[in-house]
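*Asks:* Chains as they are written, first to last, in my numbering: chain A, 107 to 544; chain B, 107 to 544.
Treat the hints loosely; a few may be bogus.
Treat identical chains as interchangeable: a pair holds within one or across any two.
Said to hold, decoys possible - Computed cross-link-like contacts, SDA-like style, restricted to lysine to any residue with a CA-CA straight-line distance of at most 25 angstroms:
1) K434 / E227
2) K130 / L527
3) K144 / D468
4) K144 / S156
5) K144 / K155
6) K111 / K434
7) K130 / V441
8) K434 / I134
9) K130 / L448
10) K428 / D229
11) K144 / E443
12) K327 / R513
13) K130 / P160
14) K111 / A277
15) K130 / S171
16) K130 / H256
17) K449 / R136
18) K428 / A515
19) K130 / P153
20) K428 / H256
21) K428 / V441
22) K111 / E443
23) K449 / Q132
FYI, nobody ran anything at the bench for these hints, they're computed from the structure.
Number of protein chains: 2
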Amino acid sequence: MRTIKIGMFGLGVVGSSVVSILRKNQDIIRSRLGMGLKVSRAVVANPGKSRPIPTDDIAISSDPSTILDDPEIEIVVELIGGVDAAGTVVLGALNAGKPVVTANKALLAERAREIFSKVYETDLSIGMEASVAGGIPVLRSLKEGLSGDHIVEISGIVNGTCNYILSRMSAEGAPFEEALAEAQRLGFAEADPAFDVDGYDAAHKLAVLVNLAYGTMVEFKDIHVEGIRAITPADIGYARQQGYAIKLLAIAKLDDGEVEARVHPCLVALDHMLASVNGVFNAVFLTGDNVDATMSYGRGAGGEPTGSAVVSDIIDIARNIKAGIRSKIPPLSVVAESLRDLKVMEMGRIQTEYYLRFQVLDRVGVLAQITRVMGQNNISIQSMVQPARSDHPDQPVQVIILTHRAREADEMKSLEEIAPLDFIAGETQLIRIARFTG
Amino acid sequence: MRTIKIGMFGLGVVGSSVVSILRKNQDIIRSRLGMGLKVSRAVVANPGKSRPIPTDDIAISSDPSTILDDPEIEIVVELIGGVDAAGTVVLGALNAGKPVVTANKALLAERAREIFSKVYETDLSIGMEASVAGGIPVLRSLKEGLSGDHIVEISGIVNGTCNYILSRMSAEGAPFEEALAEAQRLGFAEADPAFDVDGYDAAHKLAVLVNLAYGTMVEFKDIHVEGIRAITPADIGYARQQGYAIKLLAIAKLDDGEVEARVHPCLVALDHMLASVNGVFNAVFLTGDNVDATMSYGRGAGGEPTGSAVVSDIIDIARNIKAGIRSKIPPLSVVAESLRDLKVMEMGRIQTEYYLRFQVLDRVGVLAQITRVMGQNNISIQSMVQPARSDHPDQPVQVIILTHRAREADEMKSLEEIAPLDFIAGETQLIRIARFTG
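This is chain A alone, in the form it adopts within the complex (with noise of 0.2 angstroms):
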């Protein structure tokens, strides 16, 4: 039986996992291919470390031109991470007519024009499944499955450490600190957390999934960014009371011939499936035109599941290789020649419900005057609450109100107009409330 020789950039904790996988499945891997797979090369920055996993039958290296000048080897799998030696790698590997494996939505997001034009220039594979959501196949969903619907929205779970702290936030009251501490503890958030809970990864997920769902080229400087440091456990409770969780989500649909490309907290209805995905999981409602809502969930991070996903990749270009064929299905789903130049839009031209939390004195008038700046700006009020009464005429309480459905920019003069109203005693926190059309 033929084998596949791949080479591989990377051997920490994916690149490790994905070995062991090869290693332990290959019986079920050969049935389903016919033929055999092999990391034979592999490059790392220091070859002398020791690895998890035995490496005897892995010829280890410093050097890239060991892989990627060797003409046994058929499939490149990039997991070094970053965005420079990582593009470096990817952009050598196809110049050298090797299709790539990567996990590496960094890569895919800040430099998605540069790698994709050569993608197509070339007309060979990429596999990025592990890229989005780990190793829940959705890329593959949006590229097959949904392949004959318009991509009518999109919006995702896609960072389980911010989910994680969500959920531990609203399972215990307990602060950003606590629950983001505890993460860390567990392995669930990194000693410098800011990539994930300032939303960064979430935005580099949403990158590639725009690209897949409307055939263009957004990067990440595109895409608006928020993360959840800014979420109190008050805000949990208060949302809870009117319905709704609290989650990161990364939203996308075409409007008006523009791309909405957006991360930032959104309040969830607790009835909605998104608001029951909790911890370290992942999941991603794709909304199509003719199937409707459809979600896909699972583990979105850790080595044996993004190993998984990097496998299925490494299986596909293998039946590719199989066929006698570069690639079938289009790297962003859509053919070279239908490529859009679409545009992000504007923060302040989306359109969506709000959540409002006032911090004010308890004054007669208080509500009549925020009420009226609002209605000033086209905001329309669906609830407003005042949960609690002041012991002291010094001490602020909290008015939540909820609007209708409004401009962004009309919402934000509206904020501009109240702060520096004198019964203003806080900051006022806004949180997006996600609808869904499927």
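Given chain A, put chain B in place with the hints provided.
*Replies:* Coordinates of chain B only, in the frame set by chain A:
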């Protein structure tokens, strides 16, 4: 731009939706495929019948050879349903060298060996995504997304009619007949509901899932099937008190070289995602040895969701044609040489936990006798609840027992021994409890 011509058997709800989608979404389909798709011929029982869609550009006939013998037809779509005539169509198309798309789970399950042997023999593609869980791309997840994983377990809510009925019974305490009547009124159940509520439809779908997961050719007749007619609002209430919902599940796993494949009502822990799947929605839980638990959720029936899946299969085959290949992925996930002849495990040998509801006369010593018989048969009790005492000595009371994991044969033997005891005042209810590996 080249247009691929499709021959369609059947122009009912799903067939009409497929034609509509191909027309309505022709721009997006062309952008993804780089070719056009057109239903140019249809074969129906009654060509003169009026249709819900314009058919001026479709040559309609009652003669199958108008499609099968037309060299211009490159893809055959079978949507007539049933087993005999549909089988003739599918085998005829394959023998004519034409790839096939079908939504026909009955055919795929009842004549699995015959159909798949022919598909393997011809090396043609058969698209069958629409046969399980409507528009949810769960077969693609099995064949591609989890291609590097051993499938540890499948647990699916794959019949929307049953899930709707159980959801209504749960939400409103309605008896089965009332919830069924409502489902019929809303078009969620057929006038003759047996096929759905007795579990046959779910078992057909399970056969398809099992064969794709394990590369085998299990048939419908091998699968243990129970429906939901015997479930009462009282059972749903007692289950809820113990922390469970009741769902009709299709379950499969590999166990000791045999495959468990069974459809029956199950208690599902309320905090498990499957317990949140309500109404006509479907969801399939797939657990892989690396990816762990994943779930796909969406609409399992209806013209547009099912049509969406048919169209995605047509596009997949058209991409093969464009790439110049007959097929890329083996029809049952594994290459022909690796097909296995797996035996379905006898129900007596499965092991699970049980919910039992005994109807007994309210006498001293009853619980002792029940537990003694169960103990003698190796059944260990997890909990026992007697929700109410009787007002009158002749009026039976309910005793709810949840058991630990036990062998089905032992469980059945204990019930046989308990049935004739003089305090038993009615049929004993048995519902299995689903535990998930992921």
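*Asks:* Next step is simple, just say for each hint if it's right about the structure.
*Replies:* Each hint tested on the structure:
no. : hint        : verdict
1   : K434 / E227 : both (14 angstroms within a copy, 23 angstroms between copies)
2   : K130 / L527 : neither (66 angstroms within a copy, 53 angstroms between copies)
3   : K144 / D468 : neither (70 angstroms within a copy, 67 angstroms between copies)
4   : K144 / S156 : within (20 angstroms within a copy, 58 angstroms between copies)
5   : K144 / K155 : within (21 angstroms within a copy, 58 angstroms between copies)
6   : K111 / K434 : both (21 angstroms within a copy, 20 angstroms between copies)
7   : K130 / V441 : between (37 angstroms within a copy, 19 angstroms between copies)
8   : K434 / I134 : both (23 angstroms within a copy, 17 angstroms between copies)
9   : K130 / L448 : between (44 angstroms within a copy, 22 angstroms between copies)
10  : K428 / D229 : both (16 angstroms within a copy, 14 angstroms between copies)
11  : K144 / E443 : between (36 angstroms within a copy, 21 angstroms between copies)
12  : K327 / R513 : within (22 angstroms within a copy, 58 angstroms between copies)
13  : K130 / P160 : within (12 angstroms within a copy, 55 angstroms between copies)
14  : K111 / A277 : neither (48 angstroms within a copy, 56 angstroms between copies)
15  : K130 / S171 : neither (28 angstroms within a copy, 49 angstroms between copies)
16  : K130 / H256 : between (39 angstroms within a copy, 10 angstroms between copies)
17  : K449 / R136 : between (44 angstroms within a copy, 22 angstroms between copies)
18  : K428 / A515 : neither (54 angstroms within a copy, 47 angstroms between copies)
19  : K130 / P153 : within (24 angstroms within a copy, 56 angstroms between copies)
20  : K428 / H256 : between (32 angstroms within a copy, 22 angstroms between copies)
21  : K428 / V441 : both (22 angstroms within a copy, 12 angstroms between copies)
22  : K111 / E443 : between (33 angstroms within a copy, 22 angstroms between copies)
23  : K449 / Q132 : between (45 angstroms within a copy, 23 angstroms between copies)
Of the numbered hints stated above, those contradicted by the structure are hints 2, 3, 14, 15 and 18, listed in ascending order.
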